[in-house]
Every structure is written in structure tokens, then in C-alpha cells.
Amino acid sequence: MVGQDVLVLLVPALPLLGAVLIGTLRKRLSAGLAGGLATTLLAGAFACSVALFLSEHTELGGRTLRLFDWIHVEGMMIPFAFRIDALSLTMMLLVTGVGTLIHLYSIGYMHADGRASTFFAQLNLFCFAMLLLVMGSNLLITFIGWEGVGLCSYLLIGFWYTNPDYNYAARKAFVINRIGDVGMVLAMALLFQQFGTLEYAAIAEQAGSLLTGNHLVVLATLLLFVGAMGKSAQLPLFTWLPDAMAGPTPVSALIHAATMVTAGIFLVVRSSVLFELAPVTQDVILAVGTATALLAASIGLFQNDIKKVLAYSTVSQLGYMFAALGMGAYDAAMFHVVTHAFFKALLFLGAGSVIHALGGEQDIRRMGGLRGSIRITYITFLIGTLAISGLPLLSGFFSKDLILAHAYQYSPVVFALLLGGALLTTFYMFRLFFLVFHGSYRGGAHPHESPATMTIPLIILAVLSVVGGVLNVPHLLGGHEAMKHYLSTAAPALGASSLHLAAAVEWTLMGITTALVIATVALTYRRFAIAPTLDGDSASMPMPKRLLAERWRIDELYARAFERPFGWLSTQFHAVGEQRVMIPLMVGFGAITLRLGGLVRRIQTGNASFHLLAMLAGIIIFLIITLLSN
Amino acid sequence: MALLALLLIPLLTAMVLLVATPTRYARGIALFSSLVSLALTLWLWSNYQGIPVQALDVEWATAWGLRFTLGYDGVGLLMLLLTALVYPFIIGAGYGERLQHPSMTNALLLFTQSFVMGVFTAQNLLLFYIFYELALLPVFFLLLYWGGERRRAITVRFFMYTLLGGLSLLFGAVYCLVQVEGFNGDLSALATLDLPYDTQVWLFWVLFLAFAIKLPIFPFHGWQPDTYTTAPVQGTMVLSAVMLKMGLYGTMRIVFPAVPLGVEHWRDTVIVLSLVGAIYAAVIAFRQSDLRRLIAYSSLSHVGVLCAGLFTCNRLGMTGSLYQAFAHAVLAIGMLYISGALKERVGSSEMAAMGGLKARVPRLAVLFMLVLVNAIGLPFTQSFVGEWLMFAGLWQVSTWLSLAAVSTIVLGAIYMLYAYQRVMLGTDKWEIEMSDVSLRDHLVLVPLVTLTFVLGVHPRPILDLVEGPVQVLLTSFPSLN
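In order, the protein sequences belong to chains A and B. For the first sequence, the working numbering begins at 2 and goes up steadily by one. For the second sequence, the working numbering begins at 1022 and goes up steadily by one.
Source of the hints: derived by calculation from the structure; they are not laboratory data. In this text the structure is predicted, and so the values were computed from the model without any measurement. Fair warning: there could be bad hints in the mix.
Unchecked claim - Chain B is nowhere near these chain A residues, computed Cβ spacing over 10 Å in every case:
| # | residue |
| --- | --- |
| 1 | T65 |
| 2 | R172 |
| 3 | F175 |
| 4 | I180 |
| 5 | F196 |
| 6 | T213 |
| 7 | E277 |
| 8 | S299 |
| 9 | L500 |
| 10 | I519 |
To be verified - To give an idea of the interface, some chain B residues facing chain A are shown, with a C-beta separation under 8 Å as derived from the structure:
| # | residue |
| --- | --- |
| 11 | W1226 |
| 12 | V1227 |
| 13 | L1230 |
| 14 | D1311 |
| 15 | S1419 |
| 16 | W1421 |
| 17 | L1422 |
| 18 | L1424 |
The C-beta atom is built at its ideal place from N, Cα and C for all residues, glycine as well.
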């Protein structure tokens, strides 16, 4: 197994090597060379992941590769170890695979940027951290990655650091994530006290003897979910993700769509044993996920920034994944993680290609008619749009349909809500698509197709977005739910969810969904493709629409409720607490002491400095005597 | 003998500097002396077997309970290591500060080193007290002669605070010596004092006050922000990297064994005060406009958590606190050095006067970021190990207290990243020439950053060092564990 272990090590080691190498040599490397090196190393990690996927015997439940003792105190042993099983391998393939494509794309996208090598170093560092996150055998190793991806996200959102808005967005992302991290740290402290270990496998083993609804487990899972809320941008901690679009577009694709933001889902799946014991938490997750899915989709309806639309779409899709988790359908959530990574990365990279073609333009009101000039981007973006809308036989269809079927089985209300969300998704995605590619061009740039390093990843991702569904074809359509069976070896809960709907019901649901989606597409075609209606300033809109366009004013609310009061508090603590209380206290106290000192001085003849000097001299003489006598 | 040498090397070097005033070579001589001390300490460490060492025991004024007894255990050695390790950096930082009379400043710094080493090795209560008071004297002079604005008033306040703490400690020590039959002032005998509960309850504050001021914890911190901001960088480095740990060390070496029942009685109060202070200071830090003052409040916030961790009186909390003491020393030196390096280039430590520096000093920006990730406790830095252990320890005390402690990771990110943005990010508005990191900057910052990550990934050596002493301390609190 030694060869296998080396492969496991290489997966995170290669991107780390890239980060260190490119980071230190960044001045001497050209943009192309840095990009080439970063891409090659990550591709190497992908190759290792594939080799592991083919050779590891995960059907036995996976194994732990222990490297060294990290934190070892009497009573607490945290090893630095990797867990290799179906779940981590799936995520490793996803991170390195999609990551490699996005690295390749970045070579073209960033070629003119003066700090491209810094960019690639940070991108590689991100992949390293993300791999630690998914490979860790205990919560604390996951947490290393968790914080590491947070740092890289901060650095990359604020990559163009001369813009204060971008810097603010970067800080906002980090701080909101940290609020989630408080939950995560407390959960780890609780779990450690409860189980005496943070190893996933050991916790799962011990949790087997606990009763459903155990209070401490409920608390632990709620705290873990708070962490997941931050990282995966769920209500109420979602506001950082749309702002995070300040980063270069490949960053949005890799970090803020395909990989990092799914870390929260991964965490819940990884700890599925605990969540299965906490029905209360599951209900909370379902409610939060559904609410987020709907709220974010509703905001997406009237946004005019191409990346903002996709960002709200990501928040909404993550809501779907959490809804699935809340219903105990871990396999459906993971399936959607994978297909979403394909089509959302595709959509973001497509958006990047559009922005690139138009010289930095992001407002869809100044686009239009681009299908003629950027053909490959057009076709691939169409595929992505179809996939996210869930048109039959594309990847999004299979994964979203699975979630909807579970929702129907769980409760018709949840189904109706999530179906409504799916229709909103179709609406805003096709609105975006038609406004960008159809009609006539409304801007003043000269669109040109992107270079091959950018279009090749688009094509590959488009293919994956089409065929990604084969990973988990349901029995109804003659498949074997391959991914579910594969994942179930990692933890029993991952294969436990089952649909017992009659075939007729499933066919009906599928038919209704598809019909409504197609109707929505037709609606958007009429409104946005032929003679597009463009929105002006949000202030001139009628009320409900204006509220959506202004994102429910949640950012303003947070600014008023938290940011400004915090600044006020900071000023007040200093002005009142320090200046008016502490210092006068100290001055008054000083005056009293001085007066007392004056009294003492009258009694004693010498002054203080003489005493101290004498003391010092005494010690020195004594030391010298001791030294000589020994 | 090696221990005595550890005290004498800096002391004698300092006296040579005072007498000979070799202005040009003063820093070099001081640096050499501190490197010799470091080598000697590392040698002691390599020979340490995990058993407390009693190196020297000489009669002095035994009738008053004063003996010249030197020794160390794991924690003492940790503190010696920390001190020996940071002094070369502190003295090296002096190459940037254009202070007058370099032989005088370096002599004062070496005096502090000698006395601090004395504090960490003294095995007699009164001897400890003497070193404890002596260590501050050179800092007063540093502050008084080389400080910034309003230095006289600030020095007086600082002196008053410390004087009060010192007298209180002296009173407590004398009380123990007078009241307890057969107590000879030996620190190892403190655990056998067995004072009545009521006495321990008040004596706790008498003994702890000095350390509460030295650390400082809320609300005994009145002297700290002004002093940290006004003192020359090297003085602040000594105060925050080294002297602060005297408070921590004193608490666990003297207060914990002498009045364990008093500690148990006041434990929750002290933890609450510490955490209130940690949050209060972190909130204040956000809107500070002076980088030095921000670092002062940041230090105050970190110390709050540190003290709360120590007062958990459980293994994880105390181990974490001691580990964090080391991490904090490295962090403090790094942060203060960067503030000095920035002032050197910009001429001020007001952040309003900075901004957009990353374009001019990109390497310094990277190093700042690397120090900063330690400040906000990202995993694989030293601080994370300490903080995680403290949080886990606090959880065992109370859910709410640990929530308060963990909330500082949010607050820390808020003020630190805001500070980084104000200093480094934004458009390049500079018209003056500015050099990026010099060789000296590299020599100071790169080893510190390396140490941060090495001990963050491999904390074992330090954790092993404190394991034994923590085990001993736990026996003071049988009812809590």
C-alpha cells in the first residue's frame, strides 16, 4: 500500500508545492509560465485522484492514512490524518478536476494581468486547502482547510486591491465566514468533550449508541450547521457571496460556485451520523435551505450584473442542496453538488468569456446579440442554462428532479416551494441568456471570441453538464443510482434515503416540472429575446419589483443593524470607557498615591531612586561574591 | 552555574555598555550577548529531562525568608526560551529606531533581560519579588527618555499602577512568611501553605493584583494602551512579549499553588473579567486610527483570552494558555516590528497617513499578512493551537463563557483586516521613494514567521515542555478536575 499512500499524499502536496514555488518565484515567472505550472501540478493531483479512485477498495468503507501527531496533549490526541473513502474521493475528483479546467481557463483570462503569478499561487493554495478540507480524517483537519479556503477566498476577492469596494467585499466575506466558524469551533469543543475525539470514524462509532434527539447532539449539529451556513452562504449569512463577485471571474467559478461554497454541504454529509440523530436540526436545515433557495432566486429575477445573477443563483442552488440534506437525502445533495459544480462553473466561465469579450462590461443591459460574435461561448452558455433549468436528460435535470421527488415524498408544500424556486431559476437564467446573446447588441465594444485556453474548458464543462446525469441515473429511467451506491460505502446514511413513490407519480412529477419549465422558457423568450424590456433605475420600479431589485434591502438592514452600531460601539467604548472612566480613574488614583508618597518621603530620608540603586548594587555585589565563591 | 550565567551575561554586558559607551558597536555587542544567552538557553533545553532543576541555593537573608535560589521546571524553561528567543529580535529591531545613546538603550534592554530571567528562575518568593520589581525599572527609563508625546504623565501613571501591584504582592508575600510557621519562602513549599478558606479568599486578590495589572486584564489595564503606544518600539516589545508573561507566570507559579481555594472561589469572576476585557478591547481596536494603539488593544484582547484560559484550571485550558504565551510573544514582536518598519517609511503610525502601500512595499505586505494570520489564529499558525486548546478548556467550564471567548475570532478578523486594508490596500498615492524590505527586515521577520508556522504544524516540543508542570498544577484543584 506504500505506493497508494504516496498517491494520497501527492494530491494535496502538488498544489501546495505550486503555491510555494510560484509564490516565491512570482517575480521571475511570466504569467504564462506560472499558469502553466499551476495547471500542470493540479492536473497531476487530478491524475493521482483518478488513480486512487480506480484502485482504492472503498467498498469496504475506506481507510485512514495517519501522517503525524499534530496536537497531542494528555487527554487530547489530534492526528494529522487523511480519510480516504467514497465521499472524500468524490470531492477530490471534483476539486482537482474542475479546478484544473478553471486553472487552464485562467491562463487565458489573466494573461494581461501584471500579478498573474500571484493569482496562480493563491489559486493553487486554495486547492491545497480545499483538499485538506475534504480529505481530513477529523474535524480539526477539516477546519484547517475550512479556514485556509476562507483566507484564499479573502485574498482572491480582494485580488485587485486598489479598489476599496473590492477590499470591503473581501473583508465582509471573511468576517461573515468567521461568524459561522464560531459555531464550528464550539461544535468541535462540544464533540470533543462528548466523545473524547474528533475523528469522524470514531465519532460515528460511538454515536451509534446514542438515542435520537440527544440534546448534546442536537446542539452540536446546530452549531455545525451555523458553520455550514457561513461557508455555504445560507440565510442569514449569505450576503457575502454576491459581493464576493468582486474577485476575478475564475475565482467566482472555482471558489464561489463549484467548490468552497459546497464545503458546508460536505460537512453535513461527513457528519451524517450525527445529523441523523437530530431531527430538530434536520428540520431547521430544511427550512433554512428552502427559504434561502426561494429568497435568493427571487433576488436573481431583476439583477442586471451578469455575475450577480449567477451569484444569487449559486446561493439558491446551495439552498436546494441543504433542503435535500434536511430531508435526509444526502446522496441527492451530493449529486447536486457535483452537477452544480459542472454547470455553474461553466456558466461563470462563460460569463467571464463574455466579460472578456466586451472589455470588462458586466451590465447585461449593455449586452445583447452576442450569439453571432462569440459562438463557442454562446453554445456552451446555452447548455449551462438548459442544465441549471433542469431540461430533461441534462445533468441538472437528474439531480434537481431527485431533490424534488424527495420533497414531494416529504411534503407537498416543500415540493411546491422548491418547484416554484426551480421556475424562478429558469426565469432569471433565460432572462440573462436572452438579454446577453439574443436581440441586438446594445453596447459599444467590439466583441471577440476568447482564446483556446478559455474555450477548451468551456467545451469540456459543457460536455460534463450534458452527460453528468449518468453518474446517478434513477431506476425509473433504467439506471442503477451508481453514485448513491458508491457513496453509501462511506457512511450508511448516504445510501439510506429511498423514494417509494409509484412510477406513475414520478412520471407525473417529472412531466409537470418539465412542462412548467418549458412554459417559463417561452415566457422569457417573448419578454427578453424578441423585444427586450430593460429595467431602468430601481427607484422607478413599482413596489414589489423594486424590493426584489434592491435585494430585499437585506444589505442595508445589516448595515443598519450591525455594522453601524458596531462602529458606534467601538467609538463609544473608547471615548467613554477609556477616556472618561479609565484615564480619570488612573489620574485620580495617581494623585492620591503621589500625596501618600509625599507623606512617606517625610518619614524616610532617602529618595526612591537611591533605594533602588542601592538594591541593584546589593544584588550585583552578592552575585559577584556567589560567582567567585563557587 | 549555567543559570547564573544566564542572569549575568546580559547584566555584565549591560554594565560594560554603560561604562564604556561604545556608541558605534553598542547594538552589535548587545546582539551578541543576546545570541549567547539564546544558545545557552537552547543548551539548557536540550539537556532538560522533564524533571524540575534546582541549580543554585545560597543563603542570603534566611531569617527574613530570603534565599538566593535559582531553578526551573518546564514552564520556567518555556519562559526562559521565550525570553532568550525574542531578545535578539528586540535588539535587532533597534537598528531601525534612530534612538540617541544606543549604548544606554541597549544597556537598559539587557538589564530587563537579566531581571526577567531572574523572575523566571527565582525559586524563592522574595527573590521573585525583587526581580519582578527590578525588571520594570529599565523600562521606566526607556519610556521616560525615549518615549513619544506626553511621556512624563504616562510614565507616572504606569509607575503608579505597577507600584500598587508590587506593594500588594510584597504584602502578600510577607503575610505568608509571617503567618505560616515553617514557610521559608521556597516556591515549591507554597502548595503546602494550607491557609484557611477565608484568608485565601482575600489573599487571592492581594497576590493576584500585581499580575492582573501586569498582564493586564480588565479593568486593571488603564496604564497599558498609552504606555504601549508611547514607549519606543523596543520598550513595547519588552512589555508585551516578555513582561506580560511575568504576569501569567506569576499567577500560575505563585497564586495557584498558594491560594488554590481562593482561585476556585474567584475563578468565574476572573474568567468573566478577562473575557469582558477581551471583547471590550477587540471592539475598541476596530476604530483605532494609530497602528501602535491598535496593536495595544489587540494585545489586551489576546491577553484576556490567555488569562481566561489559565483560569479554567483544567488541563486543556492551562496548556493552551501557556502555549499561547509563547505564540503571543512571537506575534507581538512581529506586529510591533512591522509597525516600526512602516513608521520608518511613512514617518508616522497613523493609519490615515498610510494606505496603498502594497504597491510600494509588496514584500512587506506579504510579511504583514503572514504575521496577521497568526494574529487572527488561522490553523497551522502557533496561535491556533493555543486558542483551540483554550476554547476546548473553556467549553468544559461553561458554554456561554466559551462562546464569549470564541467570539473574539470574529472581532479579531474585523479589526485586523480593517487595519491591513487601511495600511496596505487601496490606490498607490505615494510620491516619495520607498524601499521594500531590507536585509534587516528579512532577518527579523522571516525567522519569526517561520517559527510561527513550524510550531503551528509541530507544536509537540512546547506542549511536552508544559505537560509536567500542568499536571502538578492540576493537583492544586482536585475538586475542579
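Inset, instruction - Return the numbers of the hints above that this structure violates; sort them in rising order. - result: 2, 3, 4, 11, 12, 13, 14, 15, 16, 17
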